[in-house]
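Here UniProt numbering is used: position 12 in the sequence shown is 12, and no number is missing along the way.
There's no promise every hint is true.
What the hints assert, rightly or not - Computed spacing ranges between beta-carbons, pair by pair:
| no. | residue 1 | residue 2 | range |
| --- | --- | --- | --- |
| 1 | N60 | H25 | 33 to 43 angstroms |
| 2 | G78 | L31 | 14 to 24 angstroms |
| 3 | T79 | P22 | 33 to 43 angstroms |
| 4 | H39 | L16 | 38 to 48 angstroms |
| 5 | G20 | E61 | 34 to 44 angstroms |
| 6 | L31 | S7 | 14 to 24 angstroms |
I should point out that these hints are in silico values taken from the structure, not numbers from a laboratory.
Quick caveat, the model's predicted, so the values are computed rather than measured.
Each residue gets a CB set at the ideal place from its N, CA and C atoms; glycine is no exception.
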Amino acid sequence: MALLAGSSANQAIELLIQKGVPVSHIIFLNLISAPEGIHCVCKRFPYLKIITSEIDVALNEELRVIPGMGEFGDRYFGTDD
Numbered sequence: 001m002a003l004l005a006g007s008s009a010n011q012a013i014e015l016l017i018q019k020g021v022p023v024s025h026i027i028f029l030n031l032i033s034a035p036e037g038i039h040c041v042c043k044r045f046p047y048l049k050i051i052t053s054e055i056d057v058a059l060n061e062e063l064r065v066i067p068g069m070g071e072f073g074d075r076y077f078g079t080d081d
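From just these sequences and the hints, can you work out the full model?
Structural data, given as structure tokens:
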């Protein structure tokens with residue numbers, strides 16, 4: 001999974017918090033992150049731990065990481081163009 005703009009990650013983290021999970025017990029683990037997503041999540045949850053294997057340059061106009069590895073779901077399921 002990738003951390004792109006951060007809104008989906010924020011929603012998932014918020015749901016965990018609503019269910020009673022303390023932020024100190026949440027570790028957000030992903031493969032590729034865009035700086036925009038990291039900033040968005042860290043701004044909302046400054047004490048959250050994020051573990052990622054790579055921080056790419058940025059997001060393009062289609063909200064894909066650049067240079068990136070392509071759309072993970074498409075590559076995984078063999079539906080990429």
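Each hint tested on the structure:
1. A hinted range of 33 to 43 angstroms holds for the C-beta pair N60 and H25, which are about 34 angstroms apart.
2. Distance hint for G78 and L31: a CB-CB separation of about 18 angstroms, consistent with the stated range 14 to 24 angstroms.
3. A hinted range of 33 to 43 angstroms for the beta carbons of T79 and P22 is consistent with their spacing of about 38 angstroms.
4. With their beta carbons about 20 angstroms apart, H39 and L16 fall outside the hinted range of 38 to 48 angstroms.
5. Distance hint check: the CB atoms of G20 and E61 are about 39 angstroms apart, consistent with the given range 34 to 44 angstroms.
6. In this structure the hint that L31 and S7 lie 14 to 24 angstroms apart at CB holds, the actual value being about 18 angstroms.
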